[in-house]
Amino acid sequence: MLFVMNDYELIYLIQSEHDELALNFMFAKYHKFIWKQVHLLSIESKERDDFHQEGILMLHKAIKTFKSEKNKCFMRYFELILKRHFYQLKRSLPDYFLYEHTDFCKGVSYIEEEPLTLDLRSELEQIVYESYFKNRASVLEIAQRTQYSKKQIYNSIYRIREKYKIMI
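What the sequence shown shows, in our numbering, is residues 1 to 168, in sequence order.
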């Protein structure tokens with residue numbers, strides 16, 4: 001009997017009668033439409049299942065919030081909700097990618113290490129390290145506070161960076 005019902009009748013059954021059969025029929029009916037929208041967005045294969053699941057949730061939301069008295073087509077109403085949600089999800093995806101094969105992590109054990117300490121031998125290097133690297137002060141500010149020239153400060157920054165490179 002559900003096969004001869006249109007969307008409005010199915011939504012009425014779901015909203016007023018809480019009919020599980022009608023809800024399952026709506027999920028089956030719009031299943032391919034959700035996949036089509038996922039593929040149109042060119043989503044990576046590892047994200048497709050998550051997007052499909054989100055599409056099912058948006059279908060459920062559309063069914064619960066649809067009002068037939070507004071003279072709107074349910075298909076367009078659902079499509080609008082789905083596309084907006086997919087675009088929002090796609091914008092929030094991270095820009096990096098994960099490697100499919102994580103063989104490079106096999107046999108790796110993590111050991112808690114002591115924090116790296118720099119060998120800051122001169123007073124200038126200590127001042128520059130505190131001011132420039134920790135407190136984010138500019139070279140000009142450091143030069144004005146101390147008796148050192150900007151060239152000496154730049155050279156000290158270079159030496160500290162080289163020490164970091166050696167440590168890493």
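Bear in mind the hints are in silico, worked out from the structure with no lab data behind them.
Mixed in with the good hints there might be a few duds.
Result set (DSBU-like, lysine-lysine): computed pairs, CA atoms no more than 30 Å apart in a straight line [stated by the list, open to error]: (1) Lys61 <-> Lys32; (2) Lys72 <-> Lys61; (3) Lys70 <-> Lys36; (4) Lys83 <-> Lys72; (5) Lys70 <-> Lys29; (6) Lys90 <-> Lys72; (7) Lys32 <-> Lys70.
As the structure is a computational prediction, the values presented were derived from the model and not from experiment.
Given pair status - Lys29, Lys70, alpha carbons within 30 Å: 23 Å, holds
Agreement of Lys72 and Lys61 with the hint, judged by alpha carbon distance not exceeding 30 Å: 16 Å, holds
Holds or violated: Lys70 to Lys36, with C-alpha atoms at most 30 Å apart: With Cα atoms ~27 Å apart, Lys70 and Lys36 stay inside 30 Å; holds.
Holds or violated: Lys32 to Lys70, with C-alpha atoms at most 30 Å apart: At roughly 26 Å apart (the allowed maximum being 30 Å), Lys70 and Lys32 satisfy the hint.
Restraint check for Lys61 with Lys32, where alpha carbons must lie at most 30 Å apart: 18 Å, holds
Straight-line alpha-carbon gap Lys83 to Lys72, limit 30 Å: 17 Å, holds
Hint consistency between Lys90 and Lys72 [alpha-carbon to alpha-carbon, up to 30 Å]: Status holds; Cα separation ~27 Å.
In this structure, none of the earlier numbered hints is contradicted; all agree with it.
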